[in-house]
Amino acid sequence: MAAKKPRLAVWKFASCDGCQLSLLDCEDELLAVAGAVDIAYFPEATRGEISGKYDVSLVEGSVTTAHDAERILDVRARSRVVITIGACATAGGIQALKNFADVKEFTAAVYAHPEYIHTLATSTAISAHIKVDFELRGCPINKMQLVEVVSAFVAGRKPVTPAHSVCIECKLKNNVCVMVAHAKPCLGPVTHAGCGALCPSYDRGCYGCFGPMETPNTVSLSRQMAHLGMSRADLKRVYSTFNVNAEEFRKERERHG
Amino acid sequence: MATDHVSVTIEKQGLQSLIDILAKRGYRVVGPTLRDQAIVYDDIARVDELPAGWTDEQDGGTYRLQRRDDGALFGYTVGPHSWKRFLHPPIQQLWKAARSADAATVEATPAEPERFALFGVRACELHAIAIQDKVFLHGPYVDSHYKARRDNAFIVAVNCGKAGGTCFCVSMNTGPRVSNGYDLALTELVEGGKHRFVVEAGSDKGRDVLAGLPKQPASSGDLDAAKKVTEKTAASMGRSMKADDVRELLARNLEHKRWDEVAERCLSCANCTMVCPTCFCVSVEEASDLAGVESSRSRRWDSCFTMDYSYVHGGSVRSTTRARYRQWMTHKLSTWWDQFGTSGCVGCGRCITWCPVGIDITEEVAAIRSSEPQ
Ligand code: SF4
Ligand code: SF4
Ligand code: SF4
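Chains as they are written, first to last, in the numbering used here: chain V, 1 to 257; chain P, 1 to 374.
Just so you know, not all the hints are guaranteed correct.
[Said to hold, decoys possible] If you only want the chain P side, here are some residues facing chain V, beta carbon under 8 Å, derived: (1) E231; (2) A251; (3) L267; (4) S268; (5) P356.
[As the list claims (entries may be wrong)] Below, a list of computed lysine to any residue pairs in the SDA-like style, where the Cα atoms sit at most 25 Å apart: (6) V/K143 <-> P/D289; (7) V/K131 <-> P/A263; (8) V/K173 <-> P/G14; (9) V/K173 <-> P/S295; (10) P/K227 <-> P/H313; (11) V/K158 <-> P/M307; (12) V/K143 <-> P/S298; (13) V/K158 <-> P/S316; (14) V/K158 <-> P/G14; (15) V/K184 <-> P/T62; (16) P/K147 <-> P/Q93; (17) P/K205 <-> P/G14; (18) V/K173 <-> P/F86; (19) V/K173 <-> P/G60; (20) V/K236 <-> P/A263; (21) V/K173 <-> P/A104; (22) V/K158 <-> P/K147; (23) V/K184 <-> V/S231; (24) V/K158 <-> P/D289.
Honestly, the hints are just simulated from the structure, not real lab data. Positions of the beta carbon are idealized from the N, C-alpha and C atoms, including for glycine.
Kindly produce the complete structure, drawing on both the sequences and the hints.
Following this line, the structure appears as structure tokens:
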């Protein structure tokens, strides 16, 4: 039985490590995870060499360098199943703001020797480079959803990670809608579920950390948020966060200048 | 029912006795109370947990609390929650299974014997409960979880003393005065410095509880005053809908251009279905543990506004927001009749108030109607 445990690898690309840490943060579940899969490569947690093939690879981070664009091809070649975790890997992350700016100007402003910096002009999702088998959203991901994805993989079933709005989670939780009752702008109606409506549960509007939901109507929501007092610049900013490079958020951002 | 007995009046302290008696009889008393700048339904133990002197102002996509200049305990209309949260909870486990070396066992999750006293149920909400009864109890399959909760429930209804900005129960013939389906019904009278409640019993359970309350017989003046309360409310509905032929109206307008127009505004966020007291749809989800030993199946509220809800092999049947909004509205007002012999809408107005962009079912019907030759 033990010899048959699927081999799991965790890979890091351009990211803050927060999503990988969600796995270590699963204190109660980590033993069960370790019992169900062989964690064969996970630099954040254990020493280990890259070797052979992996049954499942969890990929965190976006592609921002030519080197990473090569490296992700190797990950794909070594992996039976590739699962990307977190907004960097699924959409390009907050660092994708550079896609809308002059990267040369940035590097000149930040580094004493910008000539040593080899970076691409863009930060892109892993799926822009290789075929991805499953994307787990969030900035950071929800650790219980990660356990669900691993459990589903082990059981050979589809993970339960609904792509509907955050509003449904908000209502399941018994919250009072902050947009309707408190006139606070909220991205919940256009945002992919998964966080359990965390911000609205603490009386704040949703920031859109899980990216666009399955059928987002950002134009209608922006109209309502403008009605609640948001300026054009505010509207541009709310879509310019961790999922700025997700297509529907990027397009909505562009509509506001 | 309401006529074959004597009505009585009780004072504010009498309401406390009512809560106490219900609690003593083993009920979990849930009723209106203030939370997060709204009037929600939650556990209550004392009369002073009711929203005394508060009211609500509602319109499409907006809800605001306001002070009243009297101490009325029920001087508002319905809030974001409906009683379906208690009778048809958002998540319900159905069964669990376990695997050992040589066998697998499956065990149905037993129906919970929780006994709710629903305190402050409005006329439209009684109708909504009756509609869910049809769905869960009166079809070919009886839902054991719903049945256990429903059979055990005690209902204290309230006749509405105020119409909300999005209410249209008069159009739907569901209020504002309760007609049946309650154990006790209250009408709040606040006038001339006096604060009393006319109480009527609607069941033997209700009469039994009423017997234990400190009370006075109601005078004909009290009964007149109680009648006037709901007459006044009926005359000040925030919304209206011509409902007598809406079933046919929608059925012959399935390709109306208004569906495209509303789809431009609709977020397909599903708030309208979550807050609707008659919407009952669920999806069924499996959970399995990492060791592959235990698994369970639960149902949770779902909505015709999600893509998964109409997913069949290869894709969603209702892939556009136009199709999903049309499904929702035509089901509520038209095909519900075909399916259950009643309207699926009771005119509570929640879907209008709690829609983040204020889409208004009464306005949508009116727009389709006005395009037809009158
Ligand atoms: S608070 Fe936000 S997420 Fe919650 S229901 Fe309202 S709009 Fe949706
Ligand atoms: S009608 Fe309103 S509440 Fe319902 S799905 Fe559309 S936007 Fe959401
Ligand atoms: S459709 Fe709207 S008004 Fe009608 S019962 Fe449902 S929430 Fe209330």
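Going down the list of hints, with the structure as the test:
| no. | hint | result |
| --- | --- | --- |
| 1 | E231 | 30 Å, violated |
| 2 | A251 | 26 Å, violated |
| 3 | L267 | 4 Å, holds |
| 4 | S268 | 5 Å, holds |
| 5 | P356 | 5 Å, holds |
| 6 | V/K143 <-> P/D289 | 15 Å, holds |
| 7 | V/K131 <-> P/A263 | 33 Å, violated |
| 8 | V/K173 <-> P/G14 | 33 Å, violated |
| 9 | V/K173 <-> P/S295 | 23 Å, holds |
| 10 | P/K227 <-> P/H313 | 56 Å, violated |
| 11 | V/K158 <-> P/M307 | 16 Å, holds |
| 12 | V/K143 <-> P/S298 | 20 Å, holds |
| 13 | V/K158 <-> P/S316 | 17 Å, holds |
| 14 | V/K158 <-> P/G14 | 55 Å, violated |
| 15 | V/K184 <-> P/T62 | 11 Å, holds |
| 16 | P/K147 <-> P/Q93 | 15 Å, holds |
| 17 | P/K205 <-> P/G14 | 17 Å, holds |
| 18 | V/K173 <-> P/F86 | 13 Å, holds |
| 19 | V/K173 <-> P/G60 | 22 Å, holds |
| 20 | V/K236 <-> P/A263 | 23 Å, holds |
| 21 | V/K173 <-> P/A104 | 33 Å, violated |
| 22 | V/K158 <-> P/K147 | 32 Å, violated |
| 23 | V/K184 <-> V/S231 | 14 Å, holds |
| 24 | V/K158 <-> P/D289 | 14 Å, holds |
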